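Now for the letters of each chain:
There are 2 protein chains.
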Amino acid sequence: MAIRATMPTSTSALSFTETLSLLALSVACFAVIANTFQGDGAPLIASLAFSGIAFATSYSMIRWLGPTFMKAGLKGKDMSKAHKKEIPETMGAVCAVVYLLAVTIFIPFPFYKDIVAATSGGGNRDVVQTIENVQTGRFLHRFPHNKLAAYLSAILTIQSVSILGIGDDLFDIRWRHKFFIPGIASIPLLIIYFVDFGVTHIVVPIPLRPYLGELLQLGFLYYLYMFAIAIFCPNSINILAGINGIEVSQSLVIAVLLALNDCYYLLNPYPHPATDSHLFSLYMLLPFIGVSLALWCHNWYPSKVFVGDTYCYFAGMVFAVVSILGHFSKTLLLLLIPQIFNFLYSVPQLFHIVQCPRHRLPRFNSRTNLMEPSVTEWQYPPKPIISVFLKLLDKLYLLRVTTNQEGQITESTNFTLLNLWLVWFGPKREDRLAMELLAMQTVVGFLGLFIRHNFAMVLFEKDNLYGVV
Amino acid sequence: MAIRATMPTSTSALSFTETLSLLALSVACFAVIANTFQGDGAPLIASLAFSGIAFATSYSMIRWLGPTFMKAGLKGKDMSKAHKKEIPETMGAVCAVVYLLAVTIFIPFPFYKDIVAATSGGGNRDVVQTIENVQTGRFLHRFPHNKLAAYLSAILTIQSVSILGIGDDLFDIRWRHKFFIPGIASIPLLIIYFVDFGVTHIVVPIPLRPYLGELLQLGFLYYLYMFAIAIFCPNSINILAGINGIEVSQSLVIAVLLALNDCYYLLNPYPHPATDSHLFSLYMLLPFIGVSLALWCHNWYPSKVFVGDTYCYFAGMVFAVVSILGHFSKTLLLLLIPQIFNFLYSVPQLFHIVQCPRHRLPRFNSRTNLMEPSVTEWQYPPKPIISVFLKLLDKLYLLRVTTNQEGQITESTNFTLLNLWLVWFGPKREDRLAMELLAMQTVVGFLGLFIRHNFAMVLFEKDNLYGVV
Numbered sequence: 001m002a003i004r005a006t007m008p009t010s011t012s013a014l015s016f017t018e019t020l021s022l023l024a025l026s027v028a029c030f031a032v033i034a035n036t037f038q039g040d041g042a043p044l045i046a047s048l049a050f051s052g053i054a055f056a057t058s059y060s061m062i063r064w065l066g067p068t069f070m071k072a073g074l075k076g077k078d079m080s081k082a083h084k085k086e087i088p089e090t091m092g093a094v095c096a097v098v099y100l101l102a103v104t105i106f107i108p109f110p111f112y113k114d115i116v117a118a119t120s121g122g123g124n125r126d127v128v129q130t131i132e133n134v135q136t137g138r139f140l141h142r143f144p145h146n147k148l149a150a151y152l153s154a155i156l157t158i159q160s161v162s163i164l165g166i167g168d169d170l171f172d173i174r175w176r177h178k179f180f181i182p183g184i185a186s187i188p189l190l191i192i193y194f195v196d197f198g199v200t201h202i203v204v205p206i207p208l209r210p211y212l213g214e215l216l217q218l219g220f221l222y223y224l225y226m227f228a229i230a231i232f233c234p235n236s237i238n239i240l241a242g243i244n245g246i247e248v249s250q251s252l253v254i255a256v257l258l259a260l261n262d263c264y265y266l267l268n269p270y271p272h273p274a275t276d277s278h279l280f281s282l283y284m285l286l287p288f289i290g291v292s293l294a295l296w297c298h299n300w301y302p303s304k305v306f307v308g309d310t311y312c313y314f315a316g317m318v319f320a321v322v323s324i325l326g327h328f329s330k331t332l333l334l335l336l337i338p339q340i341f342n343f344l345y346s347v348p349q350l351f352h353i354v355q356c357p358r359h360r361l362p363r364f365n366s367r368t369n370l371m372e373p374s375v376t377e378w379q380y381p382p383k384p385i386i387s388v389f390l391k392l393l394d395k396l397y398l399l400r401v402t403t404n405q406e407g408q409i410t411e412s413t414n415f416t417l418l419n420l421w422l423v424w425f426g427p428k429r430e431d432r433l434a435m436e437l438l439a440m441q442t443v444v445g446f447l448g449l450f451i452r453h454n455f456a457m458v459l460f461e462k463d464n465l466y467g468v469v
Numbered sequence: 001m002a003i004r005a006t007m008p009t010s011t012s013a014l015s016f017t018e019t020l021s022l023l024a025l026s027v028a029c030f031a032v033i034a035n036t037f038q039g040d041g042a043p044l045i046a047s048l049a050f051s052g053i054a055f056a057t058s059y060s061m062i063r064w065l066g067p068t069f070m071k072a073g074l075k076g077k078d079m080s081k082a083h084k085k086e087i088p089e090t091m092g093a094v095c096a097v098v099y100l101l102a103v104t105i106f107i108p109f110p111f112y113k114d115i116v117a118a119t120s121g122g123g124n125r126d127v128v129q130t131i132e133n134v135q136t137g138r139f140l141h142r143f144p145h146n147k148l149a150a151y152l153s154a155i156l157t158i159q160s161v162s163i164l165g166i167g168d169d170l171f172d173i174r175w176r177h178k179f180f181i182p183g184i185a186s187i188p189l190l191i192i193y194f195v196d197f198g199v200t201h202i203v204v205p206i207p208l209r210p211y212l213g214e215l216l217q218l219g220f221l222y223y224l225y226m227f228a229i230a231i232f233c234p235n236s237i238n239i240l241a242g243i244n245g246i247e248v249s250q251s252l253v254i255a256v257l258l259a260l261n262d263c264y265y266l267l268n269p270y271p272h273p274a275t276d277s278h279l280f281s282l283y284m285l286l287p288f289i290g291v292s293l294a295l296w297c298h299n300w301y302p303s304k305v306f307v308g309d310t311y312c313y314f315a316g317m318v319f320a321v322v323s324i325l326g327h328f329s330k331t332l333l334l335l336l337i338p339q340i341f342n343f344l345y346s347v348p349q350l351f352h353i354v355q356c357p358r359h360r361l362p363r364f365n366s367r368t369n370l371m372e373p374s375v376t377e378w379q380y381p382p383k384p385i386i387s388v389f390l391k392l393l394d395k396l397y398l399l400r401v402t403t404n405q406e407g408q409i410t411e412s413t414n415f416t417l418l419n420l421w422l423v424w425f426g427p428k429r430e431d432r433l434a435m436e437l438l439a440m441q442t443v444v445g446f447l448g449l450f451i452r453h454n455f456a457m458v459l460f461e462k463d464n465l466y467g468v469v
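Just so you know, the sequences run in chain order E and F. Residues 1 to 469 in the UniProt record's numbering are what the first sequence lists, from first letter to last. Residues 1 to 469 in the UniProt record's numbering are what the second sequence lists, from first letter to last.
Treat the hints with care, as some may be off.
As the list claims (entries may be wrong) - Using C-beta positions, here's what the derived DEER-type ranges look like: (1) E:G73 to F:D276: 42 to 52 Å; (2) E:F171 to F:R209: 53 to 63 Å; (3) F:Y264 to E:F171: 40 to 50 Å.
Stated by the list, open to error - Computed cross-link-like contacts, DSS-like style, restricted to lysine-lysine with a CA-CA straight-line distance of at most 27 Å: (4) F:K178 to E:K71; (5) E:K75 to F:K77; (6) F:K71 to E:K178; (7) F:K178 to E:K75; (8) F:K81 to F:K428; (9) F:K330 to F:K178; (10) F:K383 to F:K395; (11) E:K77 to F:K75.
Simulated from the structure, these hints should not be mistaken for lab results. Remember, predicted model here, so these are calculated numbers, not experimental data. Glycine included, every Cβ here is placed at the ideal spot set by N, Cα and C.
Isolated chain E (complex conformation) (with noise of 0.2 Å):
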């Protein structure tokens, strides 16, 4: 074993200095989180411990695992390389169950002042409580039950994603099957919604208050959105794919700028009513940049894994389930905005307006080793309307169409983001394609989160006191 520690005989071994570091930080997270239980049990730190230990679990198992996938079938072609060989998929699945342990396991410790004061009465550690109480239940009132269940939600909606994500990995399902699954998996999130909070009703811009008042109760409609909410965005970072490392790093830019954001209120002077809902979001989020960061080591370019489908399923459900729970729901929709444009954009291919190929990513020219746009080839010329369609967003640069001498189309680049990014800057080097796109996105989200928080006030005259949407 120790040979195996320092010359990594497989590439599925850690190197020595990768189990040194691991481990170093795992012991390091291990006593803070002990070191949690000496004070009044602080959750936000005990929870950046435990996404410590999840970034080096999932870290270690990614690697660890590969040959397992690969024997199981569940490998891939890298096709945007000279070198086409075989590599793991799937790979979201083990960060998804890390991350659920480790959301679990973490339990406790947001509820741990609650649980002194349930069970020795008034927060005092040193007041033994007599049977009869505990059992009872006299002191048990005062423990947050509301928000526990919430907060289980959360974790089963997640666990629901990830189940139904591995099955289509598994069992590839079609594309108009699978845009469905993040709504089958949202069921626990919606029902529990309904059985405990039951708040549907939302803040009215000021401009509207004259027409429908200041608060307007949607009931119905307003499952109907979290139910789009809870598809959307799995889906959008599902088919923002199709190079090297996007799905993890976009998720992770998402993930650290709501991150922000929760911090934002938390180190507001004056106690936000939101901050409990601010807390809770932080508490899914940073595991989840913890696993992430451990597959985006592997999955960067060139890539050594793939995330498979279950990974977005589950980054997008994260997402999705913080800002549902924690009524933040449009501030999210602000981050997604290249992901609304792209899904916006396939529109015409995701609907079979227009001919839609079964793979949409780059293509890989072996001769420059550069990505350019792929494109779809009309072999008998489109409609005339569809031609019109096409020829103007040729015009408008949002597209790439190619004539033959009678002026009909006989190519036309492919709706995605990634593509349209080519056909705007030319063709480059995958890992660059993706650093710029990222760069994009967090630019992006910062304006948007600066637009939250400086005309939301203007809107609505407080900034989210109610604490709803």
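The hints should help you fit chain F onto chain E, whose structure is shown.
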């Protein structure tokens, strides 16, 4: 489509009769559920209806998904048939997913009355509440959040074991690792038990009270006990396996006996303090019986699908969860006597005291079409102490050994209940063997329940008045 429905073109289509029956059942069940909205939302009736729908759904999906599972490599050969053809494996995963969906969508029903009370004041649905009341949560405290968290922790645990079970079926994890899978899956249960209940004392039997007192605080040991139950139940079902239909049938017998035990409490003329626990148990068991029956139809001799380790883990965890949260784990153990015997009997091979081949299922004799005890061949004679031990078991009719002229052991039957049964009662057809074992399981189970309800009074004075363990 009409043609396909009347004349199944493949083995994966439902026959016309099947389609009609399942549709009729589903429509009837939906009608029943719609009807419960009229009254006070009788959750037990609704649970029965949900179980009917769960049966119809999993019956159809098991059939439809057969080819998909085969294509993804989830298939196995039936070794105990003359024609060893490949059939789909891991169909327990379909049952688990349908079950989880059913118990999740069911959540609002047991809490229906409370929702009405919480949102419209005192159970009177005609009193319209102002938004302020609902928003400030003036009525929310009436809602039984503690029960919701227990219910959610049950779903979460069963979902965890299903994910890990699917991983086991995919990756063919080694026995000494897979043993702990249910333990990992039980973490949500233990954590939420810790946060939510924390009741860790047991009622001491009367003869021991002078020494231990009336209630014994077990603390940490109680969690170890729950952990052990959660590891034991799924594994004990997983090792009493190897012939067509035995996994599902034994689970069905146990589930039905547990449900009967629950009914015993509910039909009691005096309201029993444990009523809520047993209602909860029924809500979890009825849909389980539904999906298991659907699987049974496909898995009984001659099997058209295999259940996979997923099913055994799933079934065992359902039992563990209801018995832990319902505080009747000792009753469960009485129903698991054949499994406990099988486990104890297997110990010499499981812990490699005696040679253990990869498969220990009974051997199929293709000439007689009967099952015979499978044997371990001793290429070298066993050590003297082992030899004495094996010959002693042979004397006690607990094993059959074959010796050569020098009296050295050359063969011994494998240490499983199935093989022992064949040693006792001679070779028999696969379905006959399964039926005899199930009859035994049923008789032992009824005996266990009889003991529990008649002797518990003597040992504990009152019949589980505290509702603990």
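**Item:** Hint check, failures only
**Value:** none
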